[in-house]
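Since the structure of chain A is provided, determine the placement of chain B on it from the hints.
For the record, the sequence lines run as chains A and B.
Following the working numbering, the numbering of the first sequence begins with 1 at its first residue and continues without gaps.
Following the working numbering, the numbering of the second sequence begins with 1 at its first residue and continues without gaps.
Warning: the hint list may mix true and false statements.
[To be verified] To spell it out: a stretch of chain B is covered by chain A in this simulated footprint if at least three of its residues, at any positions, have a beta carbon under 8 Å from a beta carbon of chain A; those stretches are:
1) 161 to 171
2) 216 to 230
[What the hints assert, rightly or not] Heads up, simulated DMTMM-like pairs for lysine to aspartate or glutamate below, C-alpha to C-alpha not over 25 Å straight-line:
3) 2/B with 6/A
4) 2/B with 236/A
5) 90/B with 55/B
6) 239/A with 31/B
7) 239/A with 25/B
Just so you know, these hints were derived from the structure itself, not from any lab.
Cβ coordinates follow ideal geometry from the N, Cα and C atoms, glycine included.
For reference, the chains in residue letters:
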Amino acid sequence: MSSTRDPLAVGYSPIIDCHTHIGPTWPDLHINVSVADAIRMMDRCGIEKACSSASRLLRFDYREGNRLTLSAVREFPDRILGFCLGDPRRSRQSAEEASRYLGDEGFVGIKIHISHTGVLYDDPRYDAIYARADEFRVPVLAHTFLPEDVRSLLCSARRHPDVPFIVGHSGGFGWANHVAEIAAVPNAYFDLCCSTNDAGRVEAFAAAGGAERVLFGTDLPMLAPAHDLSQVLNAELSKEDKLLILGGNMARILEARR
Amino acid sequence: MKTIDVNLMLGRPGTHASGVSSTRELIAAMDAHGVERGLVSHIAGAVHDPALGNDRLFDAIPSAASCDDRLVPLPVAGPEAMPAPALWQKWEAAGVRGVRACPAFYGYSSDEADALSSGLAERGWFLQMPLAPVYGGPCSGATVAQACAWAEKRNDLCVMIGGTHRDNLAELRAAMRSCANLWLDLGNQTTGTGVELLVADGFADRLVCGSGFGVSGITSFRDVVLCADIPEDVKTNILRTNALRLLGLS
Numbered sequence: 001m002s003s004t005r006d007p008l009a010v011g012y013s014p015i016i017d018c019h020t021h022i023g024p025t026w027p028d029l030h031i032n033v034s035v036a037d038a039i040r041m042m043d044r045c046g047i048e049k050a051c052s053s054a055s056r057l058l059r060f061d062y063r064e065g066n067r068l069t070l071s072a073v074r075e076f077p078d079r080i081l082g083f084c085l086g087d088p089r090r091s092r093q094s095a096e097e098a099s100r101y102l103g104d105e106g107f108v109g110i111k112i113h114i115s116h117t118g119v120l121y122d123d124p125r126y127d128a129i130y131a132r133a134d135e136f137r138v139p140v141l142a143h144t145f146l147p148e149d150v151r152s153l154l155c156s157a158r159r160h161p162d163v164p165f166i167v168g169h170s171g172g173f174g175w176a177n178h179v180a181e182i183a184a185v186p187n188a189y190f191d192l193c194c195s196t197n198d199a200g201r202v203e204a205f206a207a208a209g210g211a212e213r214v215l216f217g218t219d220l221p222m223l224a225p226a227h228d229l230s231q232v233l234n235a236e237l238s239k240e241d242k243l244l245i246l247g248g249n250m251a252r253i254l255e256a257r258r
Numbered sequence: 001m002k003t004i005d006v007n008l009m010l011g012r013p014g015t016h017a018s019g020v021s022s023t024r025e026l027i028a029a030m031d032a033h034g035v036e037r038g039l040v041s042h043i044a045g046a047v048h049d050p051a052l053g054n055d056r057l058f059d060a061i062p063s064a065a066s067c068d069d070r071l072v073p074l075p076v077a078g079p080e081a082m083p084a085p086a087l088w089q090k091w092e093a094a095g096v097r098g099v100r101a102c103p104a105f106y107g108y109s110s111d112e113a114d115a116l117s118s119g120l121a122e123r124g125w126f127l128q129m130p131l132a133p134v135y136g137g138p139c140s141g142a143t144v145a146q147a148c149a150w151a152e153k154r155n156d157l158c159v160m161i162g163g164t165h166r167d168n169l170a171e172l173r174a175a176m177r178s179c180a181n182l183w184l185d186l187g188n189q190t191t192g193t194g195v196e197l198l199v200a201d202g203f204a205d206r207l208v209c210g211s212g213f214g215v216s217g218i219t220s221f222r223d224v225v226l227c228a229d230i231p232e233d234v235k236t237n238i239l240r241t242n243a244l245r246l247l248g249l250s
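Isolated chain A (complex conformation) (with noise of 0.2 Å):
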């Protein structure tokens, strides 16, 4: 049942989806959508890479999220790009792996979630994951749907000013609450990544940041890429900002890796 039509992104390139998940996707729905899956599902959308996390297992074991998005890069090194888990409640542990994904693995980011380890994004126990995203320059991306998820990042953001902080879903439904706190902390980037299509807000966080610190993301394959990837395609901005957007800032995040 494969599509002869053209990619939805025509003209677009590079598309790098900055926030995508590998393991199970919604068992309750019967939906479990396998890595190749979701490969097709990139190319009927046309994205490239994907930034991508097994972050449902931080609840249970983040060292098999990271064994498994191990094997997702492997078999995928040229569109799956890891992003490694950073649990608070295993600290020194979690950090201890992070050094080894990112250095000898290659993976590329760490990815953090509140709702799976209960522990807010500036509580102390973060400090040995942020270091190591310190270390390797690499990116951090968070889940936040709460303002006490957005706060607390914000918060660690700004005692790590030379680390790309990536604010996932950007507080989600109530993302225009965050706009501006988020556009004053120059090391965070909007995530587009959100089930919410509320006209205008890709517009609204690139007034407020630049089209610079706004990113493309999906949450693919848990939500249909073609719905964020069009919110920027059709967005009233300039084809150079939708570049940017699409994947020109996170090739230029990741470029500045150690």
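Coordinates of chain B only, in the frame set by chain A:
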């Protein structure tokens, strides 16, 4: 392919700096993105005041013909409509093809619900029931169970559930299996492979697509369908043919 959008919104929500004030703006966006025709509600009717919303809707769209049949008004049916022959005649003259019911606003009595269902079925019109948003926010919607109850009253009445999300997807699939006259607007259904799942369930001829444009972007949910791993003819049905059938225009 020109598409049919089953959920366009006039008016400004107040919660965001978005919204469309005029039919001119609506049609301009439709022209820019290949939307041939759309069902239009007023945000006031959807959010807080159905009667006010209907007044504003018909001020803007006196009839579908006044907008070259590009915009089809979708009024909210409150108790004043059941029965109210003059009101139904007004709606017929305006080119209405279906109405929106809001059980969350009105506790329709059994007689009122029967009168509304009968009036719609006799005219070949559909009933739209927008679901209450899962994550809160203003809406005068319904639940899946309420939509099912209305669909079960008359199997010759098409009941279109408006707006879905992964949190109600399982419930919706069960409802559509049990009620062959339940239709689904795929707007807000962003679950990865959700569209594929619904098509695999056998519901392809009862799926339509609404954007919520005015409050939401006009292209996102259309593009989710276009990028889904389903046959091209099914995409055409979801984005156009099914809606024409729902409107009695095929």
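Do the hints match the structure? See the list:
no. : hint            : verdict
1   : 161 to 171      : holds (count 4)
2   : 216 to 230      : holds (count 14)
3   : 2/B with 6/A    : 17 Å, holds
4   : 2/B with 236/A  : 22 Å, holds
5   : 90/B with 55/B  : 12 Å, holds
6   : 239/A with 31/B : 20 Å, holds
7   : 239/A with 25/B : 23 Å, holds
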